[in-house]
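Could you build all of it, start to finish, from the sequences and the hints given here?
Throughout the sequence shown, residue numbering follows the numbering used here, covering 65 to 335 in sequence.
Read the hints as simulated data drawn from the structure, not as lab findings.
Cβ coordinates follow ideal geometry from the N, Cα and C atoms, glycine included.
Treat the hints with caution; some may be incorrect.
[Claimed, not checked] Now the in silico label distances, taken between C-beta atoms and shown as ranges:
| hint | residue 1 | residue 2 | range |
| --- | --- | --- | --- |
| 1 | 190 | 300 | 49 to 59 Å |
| 2 | 210 | 186 | 18 to 28 Å |
| 3 | 319 | 294 | 14 to 24 Å |
| 4 | 304 | 220 | 38 to 48 Å |
[Said to hold, decoys possible] Straight line, CA to CA, 30 Å or less: simulated DSS-like cross-link-like pairs of lysine-lysine:
| hint | residue 1 | residue 2 |
| --- | --- | --- |
| 5 | 160 | 171 |
| 6 | 308 | 332 |
| 7 | 250 | 308 |
| 8 | 139 | 250 |
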Amino acid sequence: MTPDLYDWHRLFGLTLTDLFQDTPWRVELEKDLALQRQLLDVVIIERISPGSAAVDLPDGLDNLRAHNLLSYKSKREPLDGWALDELVGHYVNYRKLISPKSGLLPKSDFQLYAVATRQPQELASHHTPRPTARPGVYDIRWGTPMVRLIVLTQIDPHPRNAPWELFGTRQDQIRHGAAHYRPRRKEAWELLRCLYLTHILEDPTMAYTMEEFAREARQRFLQELTPEEWRAVLDQLPLEEVLKRLTPEERLRGLGPEELRQLEEYLKTLH
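What follows is the structure in structure tokens.
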């Protein structure tokens with residue numbers, strides 16, 4: 065894998081790691097599936113506890129199993145038959161690796177995903193993917209396994225799909241993803257910055273500035289804060305700065321009768 069393709073795959077894996085933070089699943093970006101440890105173009109998502117995710121997962125991930133293998137192809141990589149052959153090969157090795165000596169884990173414990181940035185034209189011309197209820201989400205039989213195919217350029221423009229949109233090809237799609245992406249870890253802000261820089265290096269004509277990208281992401285993040293989280297933010301500001309932003313009526317709101325009487329007495333002493 066070339067360094068620039070490695071960047072896309074690494075950023076995609078880190079985005080999934082952030083997405084599944086504090087959920088019943090764990091994301092692994094590398095695994096001993098061969099003679100040596102390697103960073104794969106396959107992300108492994110393992111269930112580590114019962115229950116469901118507390119957040120809406122992006123379209124196509126509604127059928128997660130105990131063990132999930134996900135292959136990602138960036139906008140300059142084709143998702144073709146060979147890519148699916150590799151995905152199935154990783155699945156075979158992984159299933160052998162984690163199964164007990166008494167026998168292989170059942171097929172129903174595994175799900176395969178292929179995420180393509182753009183429509184896999186060549187693949188679709190020979191194997192017709194079966195559409196699902198979600199735009200851009202298909203199922204395709206590849207040998208024995210059924211592979212869930214997710215085409216990012218066709219995905220529904222919805223806040224839950226923000227992680228997918230960040231890896232799109234259209235500027236409006238990327239902007240929508242940045243505005244609605246909700247990082248679950250502080251480190252994800254650096255992820256957004258790196259993702260933007262990767263986009264801009266590949267397409268210097270993008271008119272979308274880093275300042276716009278970061279501002280929209282921050283604004284969306286602030287809109288989602290709970291009252292407790294807002295209080296934590298305000299606690300970091302000097303009291304004078306907070307008071308300057310309030311009108312006189314807002315400053316008095318919440319004061320009881322006794323506090324208002326004391327304030328009135330104090331104001332009389334100023335005349």
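Between the alpha carbons of residue 139 and residue 250, is the straight-line distance 30 Å or under? 27 Å, holds
Could you tell me whether the CB distance from residue 319 to residue 294 stays inside 14 to 24 Å? 20 Å, holds
For the pair we were handed, residue 250 and residue 308, check the Cα-Cα distance against 30 Å. Distance ~29 Å between residue 250 and residue 308 Cα, so the pair holds.
Looking only at beta-carbon atoms, does the pair residue 210, residue 186 fall within the given range of 18 to 28 Å? For residue 210 and residue 186 the Cβ distance comes to about 20 Å; the hint holds.
Outcome for the supplied range 38 to 48 Å, where the beta carbon pair is residue 304 and residue 220: 46 Å, holds
For the pair supplied as a hint, residue 308 and residue 332, is the alpha-carbon distance within the 30 Å limit? The hint holds at about 23 Å.
Is the hinted range of 49 to 59 Å satisfied by the C-beta distance from residue 190 to residue 300? Between residue 190 and residue 300, where Cβ atoms are some 57 Å apart, the hint holds.
With the threshold set at 30 Å, check whether the alpha-carbon distance from residue 160 to residue 171 stays at or below it. Roughly 11 Å between the alpha carbons, so the hint for residue 160 and residue 171 holds.
The earlier numbered hints are all upheld by this structure, with none contradicted.
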